[in-house]
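Heads up: the protein sequence lines correspond to chains A and B, in order. Residue numbering for the first sequence follows the numbering used here, beginning at 3 and increasing consecutively. Residue numbering for the second sequence follows the numbering used here, beginning at 3 and increasing consecutively.
Hint data in this document are derived by calculation from the structure and do not stem from the laboratory. In this text, all values refer to a predicted model and were calculated from it rather than measured experimentally. Where hints are given, some of them may not hold.
Stated by the list, open to error - Over the 10 angstroms line for every Cβ pair with chain B, so calculated as not near, a few chain A residues: (1) N5; (2) L11; (3) A151; (4) T225; (5) R231; (6) D276; (7) P298; (8) I299; (9) D316; (10) P375; (11) I384; (12) D485.
Said to hold, decoys possible - Below, a list of computed lysine-lysine pairs in the BS3-like style, where the Cα atoms sit at most 27 angstroms apart: (13) K413/B - K260/A; (14) K194/B - K249/B; (15) K281/B - K249/B; (16) K206/B - K26/A; (17) K206/A - K26/B; (18) K413/B - K249/B; (19) K339/B - K390/B; (20) K26/B - K339/B; (21) K281/A - K249/A; (22) K260/A - K339/A; (23) K281/B - K194/A; (24) K339/A - K390/A.
What the hints assert, rightly or not - Some chain B residues close to chain A (C-beta under 7 angstroms, calculated; not the full set): (25) V51; (26) T246; (27) T247; (28) R264; (29) P323; (30) S437.
Glycine included, C-beta positions come from ideal geometry on N, C-alpha and C.
Next come the chains, spelled out residue by residue.
There are 2 protein chains.
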Amino acid sequence: MENRAVADLLSQARGETPADMVIKNASVVNLFSGRIEETSVALGGGLVVGLGDEYEGLETVDIAGAYLVPGFIDGHIHIESTLLCPAQLARVMVPHGTGAIIADPHEIANVMGIDGVRAMLNASEGLPMDFLFMIPSCVPATHLETAGAALDADALEQMAFWPRVLGLAELMNFPGAVNGDPSVLDKLAVFKGRPIDGHAPLLKGPDLNAYVTAGPQSDHECTNPEEAREKLERGLWIMMRQGTTAKDMDALLPVLNKITERRCMLVSDDRHPDDLAHKGHLDHLLRRTVAAGIDPITALRLVTLNPARRFGLDGLGAVAPGYRANLVEVGDLSRFKVNRVWHHGDLVAQNGQAMEFSGPDFDQAARDTMNLPQLGEDSFSIPVRSGKVRVIGLKEGEILTEHRIVETPQKDGRVAADPARDLALLAVVERHHASGHIGHGLIQGLGLKKGALASSVSHDSHNLVVCGMDPRSMLTAARAVGDMGGGLAVASGTEMLASLPLPLAGLMSDAPFPTVLEQLERLDEAAAGVSRAGEPFMALAFAALAVIPHLRISDQGLVDVGKFELVDLFVE
Amino acid sequence: MENRAVADLLSQARGETPADMVIKNASVVNLFSGRIEETSVALGGGLVVGLGDEYEGLETVDIAGAYLVPGFIDGHIHIESTLLCPAQLARVMVPHGTGAIIADPHEIANVMGIDGVRAMLNASEGLPMDFLFMIPSCVPATHLETAGAALDADALEQMAFWPRVLGLAELMNFPGAVNGDPSVLDKLAVFKGRPIDGHAPLLKGPDLNAYVTAGPQSDHECTNPEEAREKLERGLWIMMRQGTTAKDMDALLPVLNKITERRCMLVSDDRHPDDLAHKGHLDHLLRRTVAAGIDPITALRLVTLNPARRFGLDGLGAVAPGYRANLVEVGDLSRFKVNRVWHHGDLVAQNGQAMEFSGPDFDQAARDTMNLPQLGEDSFSIPVRSGKVRVIGLKEGEILTEHRIVETPQKDGRVAADPARDLALLAVVERHHASGHIGHGLIQGLGLKKGALASSVSHDSHNLVVCGMDPRSMLTAARAVGDMGGGLAVASGTEMLASLPLPLAGLMSDAPFPTVLEQLERLDEAAAGVSRAGEPFMALAFAALAVIPHLRISDQGLVDVGKFELVDLFVE
Numbered sequence: 003m004e005n006r007a008v009a010d011l012l013s014q015a016r017g018e019t020p021a022d023m024v025i026k027n028a029s030v031v032n033l034f035s036g037r038i039e040e041t042s043v044a045l046g047g048g049l050v051v052g053l054g055d056e057y058e059g060l061e062t063v064d065i066a067g068a069y070l071v072p073g074f075i076d077g078h079i080h081i082e083s084t085l086l087c088p089a090q091l092a093r094v095m096v097p098h099g100t101g102a103i104i105a106d107p108h109e110i111a112n113v114m115g116i117d118g119v120r121a122m123l124n125a126s127e128g129l130p131m132d133f134l135f136m137i138p139s140c141v142p143a144t145h146l147e148t149a150g151a152a153l154d155a156d157a158l159e160q161m162a163f164w165p166r167v168l169g170l171a172e173l174m175n176f177p178g179a180v181n182g183d184p185s186v187l188d189k190l191a192v193f194k195g196r197p198i199d200g201h202a203p204l205l206k207g208p209d210l211n212a213y214v215t216a217g218p219q220s221d222h223e224c225t226n227p228e229e230a231r232e233k234l235e236r237g238l239w240i241m242m243r244q245g246t247t248a249k250d251m252d253a254l255l256p257v258l259n260k261i262t263e264r265r266c267m268l269v270s271d272d273r274h275p276d277d278l279a280h281k282g283h284l285d286h287l288l289r290r291t292v293a294a295g296i297d298p299i300t301a302l303r304l305v306t307l308n309p310a311r312r313f314g315l316d317g318l319g320a321v322a323p324g325y326r327a328n329l330v331e332v333g334d335l336s337r338f339k340v341n342r343v344w345h346h347g348d349l350v351a352q353n354g355q356a357m358e359f360s361g362p363d364f365d366q367a368a369r370d371t372m373n374l375p376q377l378g379e380d381s382f383s384i385p386v387r388s389g390k391v392r393v394i395g396l397k398e399g400e401i402l403t404e405h406r407i408v409e410t411p412q413k414d415g416r417v418a419a420d421p422a423r424d425l426a427l428l429a430v431v432e433r434h435h436a437s438g439h440i441g442h443g444l445i446q447g448l449g450l451k452k453g454a455l456a457s458s459v460s461h462d463s464h465n466l467v468v469c470g471m472d473p474r475s476m477l478t479a480a481r482a483v484g485d486m487g488g489g490l491a492v493a494s495g496t497e498m499l500a501s502l503p504l505p506l507a508g509l510m511s512d513a514p515f516p517t518v519l520e521q522l523e524r525l526d527e528a529a530a531g532v533s534r535a536g537e538p539f540m541a542l543a544f545a546a547l548a549v550i551p552h553l554r555i556s557d558q559g560l561v562d563v564g565k566f567e568l569v570d571l572f573v574e
Numbered sequence: 003m004e005n006r007a008v009a010d011l012l013s014q015a016r017g018e019t020p021a022d023m024v025i026k027n028a029s030v031v032n033l034f035s036g037r038i039e040e041t042s043v044a045l046g047g048g049l050v051v052g053l054g055d056e057y058e059g060l061e062t063v064d065i066a067g068a069y070l071v072p073g074f075i076d077g078h079i080h081i082e083s084t085l086l087c088p089a090q091l092a093r094v095m096v097p098h099g100t101g102a103i104i105a106d107p108h109e110i111a112n113v114m115g116i117d118g119v120r121a122m123l124n125a126s127e128g129l130p131m132d133f134l135f136m137i138p139s140c141v142p143a144t145h146l147e148t149a150g151a152a153l154d155a156d157a158l159e160q161m162a163f164w165p166r167v168l169g170l171a172e173l174m175n176f177p178g179a180v181n182g183d184p185s186v187l188d189k190l191a192v193f194k195g196r197p198i199d200g201h202a203p204l205l206k207g208p209d210l211n212a213y214v215t216a217g218p219q220s221d222h223e224c225t226n227p228e229e230a231r232e233k234l235e236r237g238l239w240i241m242m243r244q245g246t247t248a249k250d251m252d253a254l255l256p257v258l259n260k261i262t263e264r265r266c267m268l269v270s271d272d273r274h275p276d277d278l279a280h281k282g283h284l285d286h287l288l289r290r291t292v293a294a295g296i297d298p299i300t301a302l303r304l305v306t307l308n309p310a311r312r313f314g315l316d317g318l319g320a321v322a323p324g325y326r327a328n329l330v331e332v333g334d335l336s337r338f339k340v341n342r343v344w345h346h347g348d349l350v351a352q353n354g355q356a357m358e359f360s361g362p363d364f365d366q367a368a369r370d371t372m373n374l375p376q377l378g379e380d381s382f383s384i385p386v387r388s389g390k391v392r393v394i395g396l397k398e399g400e401i402l403t404e405h406r407i408v409e410t411p412q413k414d415g416r417v418a419a420d421p422a423r424d425l426a427l428l429a430v431v432e433r434h435h436a437s438g439h440i441g442h443g444l445i446q447g448l449g450l451k452k453g454a455l456a457s458s459v460s461h462d463s464h465n466l467v468v469c470g471m472d473p474r475s476m477l478t479a480a481r482a483v484g485d486m487g488g489g490l491a492v493a494s495g496t497e498m499l500a501s502l503p504l505p506l507a508g509l510m511s512d513a514p515f516p517t518v519l520e521q522l523e524r525l526d527e528a529a530a531g532v533s534r535a536g537e538p539f540m541a542l543a544f545a546a547l548a549v550i551p552h553l554r555i556s557d558q559g560l561v562d563v564g565k566f567e568l569v570d571l572f573v574e
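Please model the complete structure; the sequences and the hints are all you need to start from.
This is how it looks when you write it as structure tokens:
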């Protein structure tokens, strides 16, 4: 900021010239002291410039005693999990009081590499919510799959000092860190002295000590209080995760007390569109936290000042002079119903509706990421080579899969689905380089009765994953996803039943949120029509996640996660 | 650190290879949780690499259940106030558990500018205590005096990114900041996004809002709880000062509670050698804090994790993996008697004694800063021009002075001292550039009976200040200080009674601490022999501090602080 502009702000702060705006009759929640201050807040140049009754403004808003709190901050979220592009996401989140998110563009990085991260940054510039980024640390997630890109330490260094980049995103390769893998240490070295997020489920004792010594300063994978306490005592910031898939908050709230609280925060990790629509974002977590008996000041700190401190964001997380005027008006400190929201001093939402704004377009290159080979029905069925096969066994309500061995389901000498045993055909088609690599397998427990599902959302490499009861349906669904440039599809025979286009890297829509919600609803209906399971697309998206035990599938074949190697579909 | 070295540390952390050292049977005070952990601490490569009972070390120290706490951190101190050079200071502080100080080399900067700051950095490299620095923001302190150097924004920029430089030191020119003085804003801009310390006594309301908006993030000038609470609520970190001169701790401890505590710390600002010898350093403040009823965990946080967080020092302030092995063994958490002290993993003190170490020499240039003009008796006595003169009036126990007007004390047509009215001659001789500038005045209340005192410690420009009952004594004392290359001297007639050489910039000794203490004692005795006042050198050192009301003296003459302008000694 020019000296002249600063001097103007200071004049507003001194009360000598009218502030750009004054919010009067506010019950300001002071998170430094825990006190509620009944006062006015003066805003100038997008910042708070003062609190006090003496301020007059060019514009005045009387909020009639309502509470004024800082904009909420989500310390860890994958934008891609919302299926929305940044502009549409802002439209949804801002009315819920979200002022900033710290995003890990891990998914798009797996598809597009550096270009994907750049695209996400470009597409989130100038929106009515602060989009801050951590640089993905583990692309690809394993060597047993083909991603669209690989990011080594040199690649990370190129991105490390881009504007709005804070540090290194969740270091999922925790064995690599614990054991001093040089490629991991190289990446950590790039971000020395800056925020480095961790990801180390159930790690404890000496291995945890090694992980923390290596560099990560936070963890969002705690699932029980003992784990969280140990990690906190070893110096990690604890991100209590409450996403759409993983919900750890209730288990972890007992960790909070007046001493530990300051090192904790609430984060989403992933949040699906229907969750955003029906529950909200951090406002929902605040409601839940206070309902669970946590005092509102502590609850608010978990989504404001604490993440701001953890990430060194000096201008965020409080209502104080020099801080960004990211402000949220709420009627009470229990339901946290959001009335008005200001971002950098501008009113950006009111009564649950975002104000109109225009956002940057998503880079065109993101619309051309589906590079499929020529596909036929044969692509989804292979000749039988043995009487026994490995099967990915789903377990109700668990993300872990079982490694099962069953008699080969077959028809006309080819591996086939078997409705009687709830066995569906499964394939992962490499879709970044049109290499023609296809991994084949079988999945049990999906409840598919007929037809097929296909998706380009398939963690972490986001190849095209297809499951179905017959090759023709699978071909139909797969081709549909290809034709959309990515997305989700349900087909039966040659008929398309429903689809959700995700043309941005095959991961995100650029349609308005209501459209996406509607498409998603139709898709879920169609999926329910062919399947008995609750969320077959979720199971599909995780079928390829080669870091979670026990049996997974990639474009290179079946992955025995325990042995961390490829295994043959057929068992001798 | 090389990957290979890191991998070795991680192996120690995993417990696969023996740690460099293991401290067994420790009661580790975990400042993240407040819990006392009875465990072992593994040290490798100067860092803590793990906590746990399973560790074995190449070396083992059994501390038999004693408490282990992180090295103490003083968030704000002027090294020069101790009269010791960094190496000697480390020798004194380390046995008291001090692991790091954040120093503002404001005094030496006033004498030597950039070279002075560099000299202080060089002289504090590799010592058994971490010396971290803030860059002096206000050199010279005013335009009404002649300092040895002036540091503008460009000069600050040269120093801003030197190793061990954290940010911008106390911004004493708070009117300049509040009112948007461009030269002040330029300096703040250099340190944008980094720690900026404040200094704004009694500032409140809109002016405080403006000050905070301008950039400072802390304050160490609070003297009452209301002031501290307001500043804390506006986002400032509160440094509760307990130095040799200013003692604000008792007044400010009531501000502490579980919410506010995390934004507070205890600092020294200044600490004289006798205080260090008889009371200690932060260990003394811990004793006092706990005696005042603050729980030990909170007290410890005020001198460990809180300053570390305030300054973004990720590896300091806790006993945790990856943190520097700056550790202090104390027998209990009330008296905080320090047994052993480790710094970067090395034992550096035991039973009150620092281990031997060699420190770098102080830059030679610092020994050549006394540039006095030719002085004679005439230099200290001027012809009477009027029957009334202004007099600096001292008040018992106050740093404020009075602006008094009295009948001119005279002898043979020249201004003279007058023992009956407790009036002594006073002069400030510009000593940086041998310009010959001498400011003349009179001081009342010093209790001087005969002889003279001279000092090159004279805030903030550190010119040569001399007071006395006759010009001959003044000349003797002044010449002695010049001959020593700076220091303090007491003379009577042509006889030198005692002196304390401060040859480093005229501010610091390079003698061992016991020598300095002894010299100081003899000096105080000699001063007591010629004066009735308690600490005449202290009064002398502050007589030139042109920012504290009401009447002061500089080499340019008398300063009316209220009007912030020079005024004539004589009144018409």
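Which hint numbers doesn't this structure obey?
-> 1, 2, 5, 8, 9, 13, 14, 18, 19, 23, 24, 26, 27 and 30
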